[in-house]
Amino acid sequence: MSASLAISLDAMGGDNAPEMVVRGADIARRRFPQCKFLFFGDEAKVRPLLDSLPELKKVSTLRHTVSVVTMDDKPSQALRSGRGSSMRLAIDAVHNGEAGAVVSAGNTGALMAMAKFVLKTMPGIDRPAIASFFPTLRSESVMLDLGANVQCDADNLVQFAVMGNVFARTVLGVREPTMGLLNVGAEELKGHDAVKVAHGILRQATLPGKFVGFVEGDDITRGTVDVIVTDGFTGNVALKSIEGAVKLYSHFLRQTFKSSWMAGLGYLLARPAMNALRARVDPRRYNGAIFMGLNGVCVKSHGGTDAFGFANAIGVAVDMLTNGTIEKMRHDFANMTASTGPQAAAL
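Quick note: the sequence shown uses our numbering, first residue 3, plus one each step.
Hints are computed from structural coordinates only; laboratory data are not their basis.
Treat the hints loosely; a few may be bogus.
[To be verified] Keeping only pairs whose Cα atoms sit at most 25 Å apart, straight-line, the calculated DSS-like set for lysine-lysine is:
hint: 1; residue 1: K76; residue 2: K122
hint: 2; residue 1: K59; residue 2: K76
hint: 3; residue 1: K330; residue 2: K212
hint: 4; residue 1: K192; residue 2: K212
hint: 5; residue 1: K330; residue 2: K122
[Claimed, not checked] Distance ranges between label pairs, derived from CB positions:
hint: 6; residue 1: P285; residue 2: R140; range: 15 to 23 Å
hint: 7; residue 1: L255; residue 2: N337; range: 45 to 53 Å
hint: 8; residue 1: S261; residue 2: P285; range: 22 to 30 Å
hint: 9; residue 1: P285; residue 2: D53; range: 30 to 38 Å
hint: 10; residue 1: L139; residue 2: L255; range: 39 to 47 Å
On a predicted model such as this, the values are computed, not experimentally measured, just so you know.
Each residue gets a CB set at the ideal place from its N, CA and C atoms; glycine is no exception.
Required output: the full structure, derived from the provided sequences and hints.
Next up, the structure:
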């Protein structure tokens with residue numbers, strides 16, 4: 003297998019694995035005919051699925067293992083006892099050069115721990131971050147960290163900004179990304195020491211695009227900036243709050259249309275527009291969180307997604323590979339270190 007466009011898949015990760023994984027790979031195969039797939043999982047369960055999809059089978063290799071990392075496994079436990087698991091072997095394939103990227107819908111903590119242990123963080127990065135993108139009023143934005151690092155110092159936040167900048171350019175296609183630090187206010191005097199120091203460093207950094215300073219919570223969905231930078235605690239709370247607000251709004255909308263026969267008639271008239279809205283905000287379209295800062299591409303799919311959503315997670319991995327995300331990140335870190343090292347030390 004050519005490592006450049008070979009995708010390693012944890013066939014047993016996710017609520018509906020392995021069927022969701024295999025059928026998702028088949029959708030991705032049609033979108034990206036240049037890709038090949040390396041499946042890791044129970045052959046007795048995966049082989050029949052591949053046999054039913056002959057075109058996918060032609061571009062796939064299956065490696066057998068019955069060991070699986072469960073959703074209840076702690077990261078430390080997965081590291082100790084999961085060396086032969088489908089998740090670990092899929093990550094090892096990237097480290098060994100057999101694949102260019104790994105995609106898993108399995109246990110997030112275990113995947114992060116294993117990926118960091120096997121792939122290591124690239125030079126200039128202390129901690130990897132979880133990044134994901136979502137729709138906004140303006141276009142699409144990426145936010146990080148989303149839960150990998152609960153407590154962060156200024157250096158971590160600056161590193162996240164570089165990672166997000168590269169992601170916006172390579173995956174979202176934004177040539178000159180705008181970046182903002184999530185804070186309790188836009189004024190420079192607000193916030194704790196870490197965000198203030200990071201603000202000063204990023205003001206002097208020579209990154210493509212523009213650092214606009216602090217942004218607030220309502221700027222996230224407004225699309226004020228292309229890259230929202232925050233610590234993992236705040237980012238995870240913000241993301242879950244947005245997801246909850248969307249579910250609440252959807253519930254209220256359904257209840258409203260069911261409230262009377264006239265409301266039901268209104269729904270029939272509005273159904274084409276409602277279907278378009280549903281497609282626009284479909285979370286499966288934005289499936290695929292990226293573990294940024296590692297020496298390899300690792301994408302985390304939502305565990306409860308379907309084949310369509312998993313195919314989109316594979317698509318994120320393909321975009322990162324074809325656009326040279328890892329190489330560009332190394333280049334930007336080298337440039338930023340050279341330009342801001344003395345200033346950062348002075349702060």
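Tested hints:
no. : hint                      : result
1   : K76 <-> K122              : 20 Å, holds
2   : K59 <-> K76               : 34 Å, violated
3   : K330 <-> K212             : 17 Å, holds
4   : K192 <-> K212             : 21 Å, holds
5   : K330 <-> K122             : 17 Å, holds
6   : P285 <-> R140: 15 to 23 Å : 19 Å, holds
7   : L255 <-> N337: 45 to 53 Å : 47 Å, holds
8   : S261 <-> P285: 22 to 30 Å : 26 Å, holds
9   : P285 <-> D53: 30 to 38 Å  : 31 Å, holds
10  : L139 <-> L255: 39 to 47 Å : 18 Å, violated
When held up to the earlier numbered hints, the structure conflicts with 2 and 10 and fits the remainder.
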